[in-house]
Amino acid sequence: MNFTRRMFTAPMRALIRKELLEVWRDRRALGLALAFAILFPGLIAAMIMFALKSQGEKTFRVALIGGENVPVLEQQLSKGSFQLDSLSESDPASLLNNNYDAVVKIADGFADDYRNFRSPKVYLYVDGSNRFSGRGATHVQKNLGELQQLIVQQRLVARGVAVQLMAPWQVQVRDVSTPSSRSTWIFSSIPMLLIMTLFVGCLSSSIDTSAGERERMSLEVLLQQPVEAWQIVLGKVIAVSSISWFASILALTSLMVVFPFLPLAEMGIKHATTVWGAVTIALALLPLALLIAVLQILLALRSQSFKDAQTQLSILQFLPVTLLFILDMSAIELKGPLWQLVPLVAQQQWFKVLLVGDSISVAWVIAGSLVSLLLVVGCILGGARALQRESLLGAT
Amino acid sequence: MLWIRGLLIITLGFCVWVSLAVASSAESDNFESCHLDGWGSSLLCTDLPVGEGDTAVDLAVMIAPAVNDIGREPIYLLAGGPGQAASHLTPILNALHKVNQDRAIVLVDRRGSGYSGAFDCGINREITMDLGVVSERLSECYLEKTTFANALNSRQAVEDLEKVRIHLGHGKIALWGGSWGTRTALLYQQWYPDSLSVLILDAVAPIDTKVFLTARAAENALRKLELDCSEDPICAELGNWRVELDQLLVSWDKSGGANFPDPRSGDRLKVDIPRSFLQNLIRTALYAPETAAQIPFAVSQAGSGNYLPLSGLAGLLSDSGMSVGLTLSVACAEELNRTSSEELAADSRGSFLGTAFFEFFEEGCRVWPVAPFSYKKPEPRNHPVLLISGEADPITPYYYADQNLNYLSGAKHLLVPGGGHINTMRGCVPELIKIFLNSPSEALDTACLDDIQRPPFMVGFFGPEIDIPKTKEKVRVQEGSL
Numbered sequence: 001m002n003f004t005r006r007m008f009t010a011p012m013r014a015l016i017r018k019e020l021l022e023v024w025r026d027r028r029a030l031g032l033a034l035a036f037a038i039l040f041p042g043l044i045a046a047m048i049m050f051a052l053k054s055q056g057e058k059t060f061r062v063a064l065i066g067g068e069n070v071p072v073l074e075q076q077l078s079k080g081s082f083q084l085d086s087l088s089e090s091d092p093a094s095l096l097n098n099n100y101d102a103v104v105k106i107a108d109g110f111a112d113d114y115r116n117f118r119s120p121k122v123y124l125y126v127d128g129s130n131r132f133s134g135r136g137a138t139h140v141q142k143n144l145g146e147l148q149q150l151i152v153q154q155r156l157v158a159r160g161v162a163v164q165l166m167a168p169w170q171v172q173v174r175d176v177s178t179p180s181s182r183s184t185w186i187f188s189s190i191p192m193l194l195i196m197t198l199f200v201g202c203l204s205s206s207i208d209t210s211a212g213e214r215e216r217m218s219l220e221v222l223l224q225q226p227v228e229a230w231q232i233v234l235g236k237v238i239a240v241s242s243i244s245w246f247a248s249i250l251a252l253t254s255l256m257v258v259f260p261f262l263p264l265a266e267m268g269i270k271h272a273t274t275v276w277g278a279v280t281i282a283l284a285l286l287p288l289a290l291l292i293a294v295l296q297i298l299l300a301l302r303s304q305s306f307k308d309a310q311t312q313l314s315i316l317q318f319l320p321v322t323l324l325f326i327l328d329m330s331a332i333e334l335k336g337p338l339w340q341l342v343p344l345v346a347q348q349q350w351f352k353v354l355l356v357g358d359s360i361s362v363a364w365v366i367a368g369s370l371v372s373l374l375l376v377v378g379c380i381l382g383g384a385r386a387l388q389r390e391s392l393l394g395a396t
Numbered sequence: 001m002l003w004i005r006g007l008l009i010i011t012l013g014f015c016v017w018v019s020l021a022v023a024s025s026a027e028s029d030n031f032e033s034c035h036l037d038g039w040g041s042s043l044l045c046t047d048l049p050v051g052e053g054d055t056a057v058d059l060a061v062m063i064a065p066a067v068n069d070i071g072r073e074p075i076y077l078l079a080g081g082p083g084q085a086a087s088h089l090t091p092i093l094n095a096l097h098k099v100n101q102d103r104a105i106v107l108v109d110r111r112g113s114g115y116s117g118a119f120d121c122g123i124n125r126e127i128t129m130d131l132g133v134v135s136e137r138l139s140e141c142y143l144e145k146t147t148f149a150n151a152l153n154s155r156q157a158v159e160d161l162e163k164v165r166i167h168l169g170h171g172k173i174a175l176w177g178g179s180w181g182t183r184t185a186l187l188y189q190q191w192y193p194d195s196l197s198v199l200i201l202d203a204v205a206p207i208d209t210k211v212f213l214t215a216r217a218a219e220n221a222l223r224k225l226e227l228d229c230s231e232d233p234i235c236a237e238l239g240n241w242r243v244e245l246d247q248l249l250v251s252w253d254k255s256g257g258a259n260f261p262d263p264r265s266g267d268r269l270k271v272d273i274p275r276s277f278l279q280n281l282i283r284t285a286l287y288a289p290e291t292a293a294q295i296p297f298a299v300s301q302a303g304s305g306n307y308l309p310l311s312g313l314a315g316l317l318s319d320s321g322m323s324v325g326l327t328l329s330v331a332c333a334e335e336l337n338r339t340s341s342e343e344l345a346a347d348s349r350g351s352f353l354g355t356a357f358f359e360f361f362e363e364g365c366r367v368w369p370v371a372p373f374s375y376k377k378p379e380p381r382n383h384p385v386l387l388i389s390g391e392a393d394p395i396t397p398y399y400y401a402d403q404n405l406n407y408l409s410g411a412k413h414l415l416v417p418g419g420g421h422i423n424t425m426r427g428c429v430p431e432l433i434k435i436f437l438n439s440p441s442e443a444l445d446t447a448c449l450d451d452i453q454r455p456p457f458m459v460g461f462f463g464p465e466i467d468i469p470k471t472k473e474k475v476r477v478q479e480g481s482l
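Heads up: the sequence lines are chains A and B, in that order.
First residue of the first sequence? That's 1 in the UniProt record's numbering, and the numbers climb one at a time after it.
First residue of the second sequence? That's 1 in the UniProt record's numbering, and the numbers climb one at a time after it.
By construction, these hints were calculated from the structure, which means they are not laboratory data.
Because the structure is a prediction, the values reported are computed rather than measured.
Check before you lean on any hint, since a few could be wrong.
SDA-like, lysine to any residue: derived pairs with alpha carbons at most 25 Å apart [unchecked claim]:
1) LYS79/A with HIS97/B
2) LYS79/A with ILE452/B
3) LYS98/B with PHE50/A
4) LYS53/A with HIS97/B
5) LYS163/B with PHE373/B
6) LYS142/A with GLY40/B
7) LYS142/A with ARG155/A
8) LYS376/B with TYR399/B
9) LYS79/A with CYS428/B
10) LYS121/A with GLU68/A
All chains should be modelled from the sequences, with the hints used to inform the complete structure.
Here is the structure:
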């Protein structure tokens, strides 16, 4: 009760108001936070459109050399998403350089060899360095495979053999993924970007409120006010985190608005994030926003100068995100209970689950958020002690 | 104090939102994840108990949920037969995968089929050619499950379907029916018009059409094949295979089983092979253009004494997957009972099939004495309807779409060149279905149907000829050309 009484004293309220005004009036800080929050959904949308282009339906340009002698093959290759150009003798490599996704060359004497069961060759030229080439080749093989299957069936029937003999067993592929779980690969980068928004969103204001105030000598005036040092740190943390939390919520909201307009269903992917899930993400971002704000403020306070603070915090922007990326790549099982208590890692895991519309354990979310909040309290107390050291104020 | 209250509200809010998030993700807990052969993605499955006592069955309901559910009505697939299971319609599910992007597809195995208590009388896989043996087994089967057999009919299937719709909480639904499934769909439209949004009928069997009279339709399909073969420069070289077929049928010696080695084991058959076997083999091969393309060569080879290709064709077509008990209950009560011998004689006259198809049902219905079930005259309906027909369908010919369906206003008709029975998966038809479902009242651009061609004819032991161009010219069969 002592804490709450002190928390809401008139000077404290005035302090928080002053900090909030300073942070929200700083156009540069606000601009940076908002720009990142708006750029981020744009980045995700662009990434998805790129993935769609390389995975979705596409018309492939295929050149057929020697096709005039085998019109049935030519007709078969024209089916589906192909723009087929039948050419006489030509160099496959130069055709591939000339925007063709694949080149099919029919061997000389193909029809005679086919009739005589000598299994003639079809040459499929691809350019392995072209990202569409592999898919073009797969489509060519699929089309030719259909005709090949028909011919095999006819040859077996002609000999009185049941086609089933060619399949001693059938392999039935059973994909256990759901349209929402298939979206994991697309949504996996979103938690990291949301966390990054928290870092970038409070970068400018955390430096200004700590190292900036120290340089402007207004920090000394603040320390002379009838408020405790921890109250000063808390006031700054609340103000700074408010802007980064707002930026991350804005980013999340823009994503929710953009996603329904993306043609995800064409890739068999479902945007399954529920309103509940989005609100849960927004709320779970709050303890993290506080933690990131307090860490940035403390780091800026212990830096030698404003410039030094800028350098140190710039490095801090990428450090946790790089760490999360490495953890992701290192195939460590991050779904274990202990990881649920590690700030950043825990939030990243929850967001991943919530974004694909799955449920998370309420108990672990509360426990994990409490760990983050405890760290915030610890940092605030540590920061308060640091503020009382004269050496800190003397740094320029 | 206001701050404390604020903090408390935020904390409470946090807990409530998280709980709601957990609850909302668990809303589909009545369904189990399941799979069907031929469809890789997982489905949601549930059982719905229907009927009482001896007629009780847990109806198998399988749903392919919309990838992106934007509130469009689901589409239910109704299988043919009668006796085919909706769970065997995975080829249709694959063809409609784009429809599935924003629309759930629901499959219900009707009572007595598939996973809903398949009523196959133990003759699902091994089909004997001796009708006497089949009759005996069917008779035992009927006596064993008389109440169940007597209860199966279209009314029951429609009522069950309506129960499923209500159980799943669906408002209006779209129906896709294939072959006999079109009959069920048309009856559903009569009895539950308010539950229906649109109908897609592939290979339509109108309510007032006697679809078990198939000889004329089969003959027309064979003549269309004859015509297409004669226009193909290579197939034409096979000569007059139709005459050879007629001669083969006239001079058929049923003891010639040794000519027909078992296409799976290679063993010589020691049983008699009736003429009806060959007639039904040709009829069944006409169902799909891929198998129809092998008829001219197989027949011309048989004409020269080589029965191997015909045997191979029989091997290709041997698995029907029908629940014969269900087939007979419905066919005997709803079709055979209203078909006179005069109509049968008129239909079969001058056709290669004769009464070969009908006689199985005639024989079967003798030992399957279900009560007749008749339909009322259909009442006018104005739901949007898309009719899909194959130009060479041997059982539900394209001209059925123009007969006995006058009570439907707003029907569109797709005619697939060279198409056999069921054409939903051919060429641009799935795309047209999607367009129709999304805007049923708008005109469809059907020009893309002209790109659909018959597969190349088998003309030798090597298969089709590949270095002679196929003719693109198409000649439509004249209605009632028999």
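Which of the numbered hints are not met once you compare them with the structure shown? Of the numbered hints given earlier, the structure breaks none, since each of them holds.
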